[in-house]
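Peer 1: Listed below, chain by chain, are the residues.
2 protein chains.
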Amino acid sequence: MAFEKVKRSDNYSEWYNNLVKQADLAEHSAVKGCMVIKPYGYAIWENMQKELDRMFKETGHTNAYFPLFVPKSLFEKEEKNAEGFAKECAVVTHYRLKADPDKPGALMADPDSRLEEELVVRPTSEAIIWNTYKDWIQSYRDLPILINQWANVVRWEMRTRLFLRTAEFLWQEGHTAHSTKEEAWAETRQMLDVYAHFAEHFMAVPVIRGMKTPNERFAGADETLCIEGMMQDGKALQMGTSHFLGQNFAKAFDVKFQSKEGKLEHVWATSWGVSTRLMGALIMTHSDDEGLVLPPRLAPIHVVAVPIYKTEEELQAASDALDPILASLKKAGLNVKFDNRDTHKPGFKFAEWELKGVPVRLAVGPRDLANGTVELARRDTKTKEIVPLEGLSERIQALLDEIQENLFRRALDLRAAKSFEVNSWEEFEEVINVKEGFAWAHWDGTSETEEKIKELTKATIRCIPLEAKEETGTCVLTGAPSKGRVVFAKAY
Amino acid sequence: MAFEKVKRSDNYSEWYNNLVKQADLAEHSAVKGCMVIKPYGYAIWENMQKELDRMFKETGHTNAYFPLFVPKSLFEKEEKNAEGFAKECAVVTHYRLKADPDKPGALMADPDSRLEEELVVRPTSEAIIWNTYKDWIQSYRDLPILINQWANVVRWEMRTRLFLRTAEFLWQEGHTAHSTKEEAWAETRQMLDVYAHFAEHFMAVPVIRGMKTPNERFAGADETLCIEGMMQDGKALQMGTSHFLGQNFAKAFDVKFQSKEGKLEHVWATSWGVSTRLMGALIMTHSDDEGLVLPPRLAPIHVVAVPIYKTEEELQAASDALDPILASLKKAGLNVKFDNRDTHKPGFKFAEWELKGVPVRLAVGPRDLANGTVELARRDTKTKEIVPLEGLSERIQALLDEIQENLFRRALDLRAAKSFEVNSWEEFEEVINVKEGFAWAHWDGTSETEEKIKELTKATIRCIPLEAKEETGTCVLTGAPSKGRVVFAKAY
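Going line by line, the protein sequences match chains A and B.
16 is the number of the first residue of the first sequence in the working numbering; add one for each residue after it.
16 is the number of the first residue of the second sequence in the working numbering; add one for each residue after it.
Since the hints were made in silico from the structure, they are not lab data.
Everything numeric in this text was worked out from a predicted model, so none of it was measured.
One should not assume that every hint holds.
[Said to hold, decoys possible] Taking lysine-lysine pairs in the BS3-like style, the calculated list, with each CA pair at most 30 Å apart, reads: (1) 47(B) to 113(A); (2) 467(B) to 346(A); (3) 102(A) to 467(B); (4) 469(A) to 113(B); (5) 271(B) to 20(A); (6) 266(A) to 113(B); (7) 113(A) to 149(A); (8) 278(B) to 36(A); (9) 149(B) to 95(A); (10) 36(A) to 72(B); (11) 118(B) to 266(A); (12) 72(B) to 65(A); (13) 47(A) to 113(B); (14) 149(A) to 352(B); (15) 364(A) to 113(B); (16) 352(A) to 275(B); (17) 113(A) to 113(B); (18) 484(B) to 196(B); (19) 95(A) to 346(A); (20) 360(B) to 72(A); (21) 47(B) to 149(A); (22) 360(A) to 149(B); (23) 275(A) to 36(B); (24) 271(A) to 360(B); (25) 113(A) to 467(B); (26) 371(A) to 113(B); (27) 118(B) to 47(B).
[To be verified] Chain B is nowhere near these chain A residues, computed Cβ spacing over 10 Å in every case: (28) 88; (29) 91; (30) 103; (31) 133; (32) 226; (33) 234; (34) 336; (35) 405.
[Stated by the list, open to error] Facing chain B, from chain A, some residues (calculated, C-beta under 7 Å): (36) 81; (37) 83; (38) 86; (39) 104; (40) 146.
Just so you know, even glycine gets a beta-carbon here, dropped at the ideal spot from N, CA and C.
Extracted from the complex, chain A is given alone in its bound form (with noise of 0.2 Å):
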């Protein structure tokens, strides 16, 4: 089986596609815009979880689970939350199916099992959690509480694809309870930066940590907080938020605590999320047109080794030569592997290898063997060299930091190239249309302009930057007065 290519040049959003199904990381199911995700594709979720898992205990978070079904009176009490989520819900209403009397071997829904409240399939668990906050929160003593929820949820929608955008998805969502509004606040940017942390430093992907605009704010938040990454393309990818949420829901749930001085006041609320939308955003951000590139910091392998043999004698001589550095590489925690298939060709090899992104390769014959040596190559840069067996494994250890380094470096330099102010309208136009990028614009603050903007040129506010210049400006389409410039792009 040959690997079937196409062209980042020819058709990006083909490209993506393809890849993800060729690299054997996810797929389309049975169950319109459900997706399953595939072994190769998991071993890589999985390694984003233990990670992401391990900061958010060492900032006191704990571990919880939570129904996956919310009653649909609790599902209405935050009324912009239910409002913002009411047209993407799956609902149950049946407990039981019964035989079909008109199709024999058919299933039906037992009409006798209508359930007497519907069900909500939770899009958000905010509700079901805030609900059961209530009973845990009397005093200030049971503050804060710092809970995060691994679980699935389900958003249906229409236009689906593969890990950006599917009605089934797998996340994380944390919901903290704060007795302050100013710790609430200090949660909610810290985990902010415990998710730009996380992307830049382990997924290699630049971000600009922001606030969204009213219009992009999460339904139900006071303020929404992000951090957007821009894919190859020069559009943006939202890849995590994290929600002040003021008193929304302690008011609408009741959730009140006696404070130090003995008042009755309401809890301060924040929740934070990413996905497996980041899967999408890692596959975009460093893949190229010979298959996906990993960071080695999350990757399932991080080297395989080849061997070029004939003989059975030759096959047993590059496994001895390579047992040593493969048990030192696992002995310092990175997965290797000896790719002796006999059923397939080195070339094919080299290929597979690449297609999934396996960070470094090695590849050793005889004659390497004779000169004490081994073909050292890597994914990202795709360069080759020959070195000596001798001092390989520190050789490969180093070689896997800079390739962390390079691949953040190279997606650095690529958002830098194709992030650009813009003063004016034909600048604005020119940026979002024909360079494709970030256009850094001043915007006259209004959710008018925006949606103006979005009609016209499909680009949206992405963010608010929280660490941008201070500048004051004039709007990029109105002219009015502006207090700092905002980042438009296309998004994902």
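Model the placement of chain B on the given structure of chain A, informed by the hints.
Peer 2: Positioned in the frame of chain A, the structure of chain B alone reads:
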């Protein structure tokens, strides 16, 4: 706040419910039949997951993820499986909510969003997975497929109990595909052994490995293997199952492969799972009237240290003395807690950590410090001793191993004391109704007798043990010939 205690001897069932609640493990949610797993309970489940996941990977399995929903037409395909689960399926019929015109502020399932085909919330994933495997399998070279999934499933239950029987629960489900019957059998057997090893060496719960009778088999399986534990009240709890599915799902979903010989054959299958039910087994095997008792290998906190002090200086002295010991325990991979809360008295803390089942407790006050000693208390035996600070870290590590072993031995002794070979109906009834234990009895092998016995005593055949001595005899109810003893008991 004092802890409300219920004694096992007064009401075992109430003791269980109360303990799950008081020890902060789980609680009922606003959704009928669904539970909230609280942080402390979830931390134990995470420890279980971690060990099981490691064992699955060591036996060659990888994780993946399949959709939450199963289209009705797929669900129907394997008839026995569909029939077995139809009565407990949550059914999604709509994908949108809209404002209810009759009730201001309320939402209703939008009639225009009715699904053409209903979706079943997975009660188990054979159907959706085998429909997927169909596309993955063409040749013997594509086999075996060894996949596991960590997921939530829903089986609508009318009478629920926390962890033991809930409408939604968390579990893992392995689904493997093989080219031969022998290989599928070996897999079924292997995973049973993995479960038994986990139960005995991590949960410290002795289990009987056995085969289910046709009556008790998983719907759609040719054979179901199981591990059965005995709870303190002499009832059985099914802790895990490993199913040999034969070619049933391959036939229902038309999954064939080309063999080495070029013939087209149906694929052989297994599936196997354990769930949050294991939490119930853990609690009911070891805990006592004072609260939880946790085996060290699954305890979220291994050692808690409580300083006894009046002055800040005394607290500091206790802290100084304990610091190096706690640091050394942490370095050895243990979780330790120094409980220096100034809001609670030592007595309260002792009771709380006892309730939470922390295996080892240290208490240290000024007198201890003067003598260079601490008080060391073990949770399993509730014994205390004064021991020197010197060598304490090593002593505690050895003690944790001893506790782990002691819990297993104690459970084994209890099971031995409540297991009886019975040879007459009178003896059988006495064991089931008066002695309340396991009855090892001869059975004539018919479903009729099995059902009759269930009707008469509520006892079911827990399993046909895999490792029983060979012995012919006569059925305890009918007197008909029997080829060996099976295990009868009342069960959770």
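Peer 1: All hints are to be evaluated individually against the structure, with a verdict given for each.
Peer 2: Right, here's what the structure says about each hint:
no.	hint	verdict
1	47(B) to 113(A)	holds, 21 Å
2	467(B) to 346(A)	violated, 59 Å
3	102(A) to 467(B)	violated, 53 Å
4	469(A) to 113(B)	holds, 26 Å
5	271(B) to 20(A)	holds, 29 Å
6	266(A) to 113(B)	holds, 23 Å
7	113(A) to 149(A)	violated, 38 Å
8	278(B) to 36(A)	holds, 29 Å
9	149(B) to 95(A)	violated, 44 Å
10	36(A) to 72(B)	holds, 24 Å
11	118(B) to 266(A)	holds, 21 Å
12	72(B) to 65(A)	holds, 16 Å
13	47(A) to 113(B)	holds, 21 Å
14	149(A) to 352(B)	holds, 28 Å
15	364(A) to 113(B)	violated, 53 Å
16	352(A) to 275(B)	holds, 26 Å
17	113(A) to 113(B)	holds, 28 Å
18	484(B) to 196(B)	holds, 27 Å
19	95(A) to 346(A)	violated, 52 Å
20	360(B) to 72(A)	holds, 28 Å
21	47(B) to 149(A)	holds, 18 Å
22	360(A) to 149(B)	holds, 27 Å
23	275(A) to 36(B)	holds, 27 Å
24	271(A) to 360(B)	holds, 27 Å
25	113(A) to 467(B)	holds, 27 Å
26	371(A) to 113(B)	violated, 44 Å
27	118(B) to 47(B)	holds, 24 Å
28	88	violated, 8 Å
29	91	violated, 5 Å
30	103	violated, 7 Å
31	133	violated, 6 Å
32	226	holds, 29 Å
33	234	holds, 13 Å
34	336	holds, 27 Å
35	405	holds, 33 Å
36	81	holds, 5 Å
37	83	holds, 5 Å
38	86	holds, 6 Å
39	104	holds, 5 Å
40	146	holds, 5 Å
In summary, the structure is inconsistent with hints 2, 3, 7, 9, 15, 19, 26, 28, 29, 30, 31 from the numbered list given earlier, while agreeing with the others.
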